[in-house]
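Given the coordinates of chain A, work out where chains B and C should sit on it, guided by the hints.
Protein chains in written order, with this note's numbering: chain A, 18 to 310; chain B, 33 to 292; chain C, 125 to 446.
Possibly wrong hints are sitting among the right ones.
As the list claims (entries may be wrong) - Distance condition first, Cα-Cα at most 27 Å in a straight line; then the derived BS3-like pairs of lysine-lysine:
| hint | chain 1 | residue 1 | chain 2 | residue 2 |
| --- | --- | --- | --- | --- |
| 1 | C | Lys150 | C | Lys307 |
| 2 | C | Lys424 | C | Lys384 |
| 3 | C | Lys307 | A | Lys108 |
| 4 | C | Lys424 | A | Lys108 |
To be verified - Among the chain B residues that face chain C by a calculated CB cut under 8 Å, a handful are:
| hint | residue |
| --- | --- |
| 5 | Ser100 |
| 6 | Leu154 |
| 7 | Arg201 |
It is worth saying that the hints were derived from the structure and are not from the lab.
These numbers come from a predicted model, not from an experiment.
We treat Cβ as the ideally placed atom computed from N, Cα and C, and that holds for glycine.
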Amino acid sequence: METTLLAQSLLLALTTAGLYAAIASGLTLEFGVTGIINFAHGEFVMLGAFLTYFLYETAGVPPLAGMLLAGLAMTALSWLVFDGFLSRVLKQDEHNQILATIGLSILLINLAMIAWTPDARVMHAPPLLPPLQLGDVIVPGNNLVVLLVGIALYAGMIWFMRHTRQGLLLRLAADDPQLAVLAGVDVTRMFRLSFLIGGLTAGVSGGLVALILYVQPLVGVDLVMRAFAIVALGGLGSIGGALIGAVLLSAAENLTATFVPGGGSWGYGVAFVIIVLVLVVRPTGLFGSERRA
Amino acid sequence: MPDTASPGPTRRPAQPSGGAILAVEDLTVAFGGLKALDGVSLSIAAGEITGLIGPNGSGKSTLVNTVSGQLPVRGGRIRLHGGDVTGRRPDRIVRAGMARTYQIPRVPPTLTVEEVLSVPLLYAGRDRHRLPGLGDAAAIAAFCGLGPLFRRFCGDLSVTDLRRLEIARALACAPDLLLLDEAMAGLSHEDSVEVMGLIRNVHEQGISIVIIEHLMRVITSLCHRVVVLNNGRLLAEGAPATVLADQAVREAYLGKGFAA
Amino acid sequence: MKTGLTRLLPYVLILLATLALVWIDKPFWIQLAIGVAITAITALAWDILSRTGQVSLGSAAFFGIGSYTLAIFEPLIGLALAWIAVVVVCALAATLLGLLTLRLRRMYFAIATLGFALSMQVLVVVFPDWTGGSGGIAPPVLADGDPRWQLGLIGLLLLAAVALSDALLGLRFRPAFFMIRTKPELAAASGVPVVRMKIFAFIVSGVLIGLAGACYGGLYGYVVPTDVFTTNWSVLPLAIATLGGMDTTIGPLLGAIALKALEEVARSVIGGTGYQVVYGAVIILFVIGMPQGIVGLLRKAAALAGRRTAAGEKKKERERHA
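With the rest of the complex left out, here is chain A (with noise of 0.2 Å):
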């Protein structure tokens, strides 16, 4: 009995992981390329979330279509951000840059809050796939929904990382800035495209959430501090290390939640206590660089 609920557990955790890794991955490429801690990258998946779920809703758009819209307009809103005020706060201080992200995040938040309560809501979307059932372990449609989507996001990250024109310079832009100025690269551009990239797997990974999870004006917080732990633990801008950090961590969480006695409530703060102690033992994660930070 013991195996069988081990075993569902972790199988649940590698579902979730797939979309921690997908946010994370996000969160990890803008700190990578332009050195700023988005706190606001939780918000844009929520407002994916509360997107996806009223097209889903009120007109009936499929949640897949439904996601692949919310990312988009998530993209653009970054776009918008980014160009709007962020694209000034690159040159100010540290604290200056996390307070204007926090500033974001509040702003976000209580816009949510006013337009659509703070109430919870949840997406009655039947299973896109059907349960998959591996013994006595069965995981359910959606879940496996979230965990394909999820990967196939975070695996197309990497790809475009890897393989295209736009990728490579990212990268320069971010292991060398002044050699990616040197070499004629548009920095500010590359700037702006981690951030977009960003939004739209924030927006994405928002309709996941409204699949699996519930849709609420603060469902972001928890997320982005997960993001937080999952990038302390992977190396601050190594996405690769992302998808190693989501799978830790939602296991540390799930194995938490199903055996500690009341270890539901509390399982998410694994989250923060793994943050301190990776940060102490590996300052730059378990497979970052020296980057900047």
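Relative to the frame of chain A, chains B and C by itself:
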């Protein structure tokens, strides 16, 4: 006034040196597998201006960073005034009488010259060693040509003035030994001449000096002795003329030696 | 240049304001002032720490540790010793966090301190026998619940915070702190014991925030982990100090007043939910338009006025020597 036209040595006669003020024995410093300093043994004579030269990557900066306490030692010893200071924290080494300058001095732009100089005066713990006439910030600033800039914000200073400030700051540590890390880099000819004059004035106060330099005319006109590093090892040492004529030294520099 | 008068201004203002409010005895204004004072204390404490380059998002940790320490120890060792325990425990926690995050730079430091603060919530829930778990805990009520005395006590703490902030902006500390912030190697090369100074700043900051948290808990005699340990109490000090003007004593004070005023206006216009949207809007506007904060704006205005008179003086000088 410093003689700038002639290329030959124009130094003052060396102070009677009681021996080595700084000695490193078999010093090894490594980053992972890479040995930046490989068993280097040398000593710096008290009362002299010693030049530390070598091609890029030879270990000059590593040596300065290590003896000043910033980098950890993999092997060997560092002795200041004969006492073992291996592994001591940088602020404790300042207290023991060795001060260094930074090539790129990042000083807080919102501090004034006076405030920057106040830090070593308050923290270096060298009050018993202060030279008469260099006992307070104003005097030190004036000595280094920063008198009129005493209350100016560091953010408003020119590069040359920042260099002077770096030397002044190190002077405010009342050191017995001063390590200068490429004090002339990026300066115009006139400015570097002025800084060289300042260095001579500092030496005249009885302070031993080590300077890392790339400009050979500075080495030949300022230094009593020269130490050459290459690939983390000691290559040659001796009087400037002798060292710079040395075949091995010339080869190490691949002919770039006499850039002025 | 700071004249004697401008240095005394914050103390005088706080004293006068506190006395006036106590005398007028209108509950609304007293509560408002208490809120301003508590946030101002945390902002001053945050600023003190940030002067050494340690930009912390962990203020909530000390805020909560302060209130919880008071609540846990009062029944064990009495009120007076419990307050001392607050100081001791916060100092220890600050030393711990300071040492843990010593080698972390910039953004990593911010995230680590944030994680530390949020981990506190986990700790509280995991040891419910000591801490009352997620249900909360009941610290001793401050000044027997009399708001005027509460304001008086908190006002005293604020004066202490102002005094500390001022002292640490003096010649002995400010240049050393700034050097540590800009280039710690340079500070060390000037004889500054960098680690000790950073931990010192951490301890001063942590203890001040902890005392403020203990006062906060004592306002109603009840705290819950989802209040004192929330990100709110980590963000607020940063926001106030930055908006008011960092590296000053008057900046965090002005920022606290301004933000509180903003909050009250927003609350009456927008209602109970979502009124914090103005925080977000103001923060963004500030970051774009006024990155040096209110103090920076005032300085620029003074400089403009000064330049006009200085230019006038120079012209007169030239005419005189012509």
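*Tell me, in ascending order, the numbers of any earlier hints that this structure violates.*
1
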